[in-house]
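Undergrad: Below are the chains, spelled out letter by letter.
2 protein chains.
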Amino acid sequence: MHGGVPLVIPTLYWREGDHVYLHGSAVSRMLEAARGATVCVTVTQLDALVLTRSAFHHSVNYRSAVLLGRPEEVTDPEEKAARLRAFMEGLMPGRWDILRPVKPKELKATRLLRLPIDEASAKIRSGPPADDTADLDWPAWGGLIPIETRLGRPQPDEHALPGLTPPKARKPRAAR
Amino acid sequence: MHGGVPLVIPTLYWREGDHVYLHGSAVSRMLEAARGATVCVTVTQLDALVLTRSAFHHSVNYRSAVLLGRPEEVTDPEEKAARLRAFMEGLMPGRWDILRPVKPKELKATRLLRLPIDEASAKIRSGPPADDTADLDWPAWGGLIPIETRLGRPQPDEHALPGLTPPKARKPRAAR
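Residue numbers (the working numbering), protein chains in the order written: chain A, 16 to 191; chain B, 16 to 191.
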């Protein structure tokens, strides 16, 4: 919330057990506003376009989760480093340990919030199109067109040292 | 907003000129709550993982837009049909005209809101990693790993008539 108006801000997230973690700059206005307030964290994955014989029944297959709660701040530097390490391990296993070690001032410049998974709901559409029976012989194509997200070919920057290979990464998702 | 708490609900959207359109069931609680209230519509596209030599400077490339405003309802049936047609034309050009024609009761069962693009902000990160200069010879791979979204091979449903081909579709994006 900002001046009585809800603001939806994209941010990365990760889950460990019964908590969802959010992080960012220590001066992030979003994290400052979220600390101690009731916030909503929503994650959505689009899976397919759903095509029917009528415009009305067109849809999308998707999975979404809505989480409500009051984030608490994680302030202990060792705990912060452990949680950030877990975030990176989830995306790129093994990478944290080969990086230039994190500095105390970097942990200080990073705010970490965690939200207990207490009140949440999920909404999912899956499966085939749902036409009206009377429309099934209408001559328009019906079915699913999958929506796929994947990681492309890594692009080294100009400083990449010879002999280094990019990590095997997993797909991230942004929450709002 | 729902009982004083902000709720972030995924929904499809489209833009025509200076308006963003949202639609859904006439009994959608989200659309009922959004009508006449100040709402926030956010769209985000993740473009790449950004890998640096330190954990601290890891990031993502992304584009996001945040739109604030008070949605107004479009109630005229012809206007509703024209806007829904434009939505489908944007995703699958030519498809609306080959579908079983929309029925008046279907238009009545669909609520259409439009939000003027008056107050909006965009946030973008693009380009290469931004390491500390002192870290550039640290032996960890640095660069971009692109995140790509694409449409997969269409999957006809069991009612698909022989000889029909699926439409050429464009990628949808969900707003929140």
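It cannot be assumed that every hint is accurate.
Repeated chains share a single entry, so a pair holds when one copy, or any two copies, can fit it.
[As the list claims (entries may be wrong)] Subject to a maximum C-alpha distance of 30 Å in a straight line, what follows is the list of computed DSSO-like cross-link-like pairs (lysine-lysine): (1) K138 - K186; (2) K138 - K118; (3) K120 - K183; (4) K123 - K186; (5) K95 - K186; (6) K123 - K95; (7) K138 - K120.
Hint data in this document are derived by calculation from the structure and do not stem from the laboratory. All figures in this text were calculated on a predicted structure; none of them were measured in a lab.
Undergrad: Would you mind marking each hint as holding or not holding in the structure?
TA: A quick look at each hint next to the structure:
In the homo-oligomer, the alpha carbons of K138 and K186 lie at most 30 Å apart both inside one protomer (21 Å) and across protomers (21 Å), since each shortest distance falls under that limit. For the homomeric pair K138 and K118, the shortest alpha-carbon distance between copies (28 Å) is at most 30 Å, but the shortest distance inside one copy (41 Å) is not. Proximity of K120 to K183 under the C-alpha cut-off of 30 Å is restricted to the intra-copy arrangement: shortest distance 29 Å within a copy versus 52 Å between copies. Taking CA atoms no more than 30 Å apart as the test, K123 paired with K186 passes inside one copy only; the shortest distance there is 28 Å, against 40 Å between copies.
With identical chains, the CA atoms of K95 and K186 are at most 30 Å apart within one copy only, with a shortest distance of 23 Å there and 38 Å across copies. In this homomeric assembly, K123 and K95 come within 30 Å of each other (Cα to Cα) only inside a single copy, at 9 Å, whereas the closest approach across copies is 52 Å. For the identical chains of this complex, K138 and K120 are inter-copy neighbours only, at 26 Å across copies versus 41 Å inside a copy, given an alpha-carbon limit of 30 Å.
Comparing the model with each numbered hint stated earlier shows that all of them hold.
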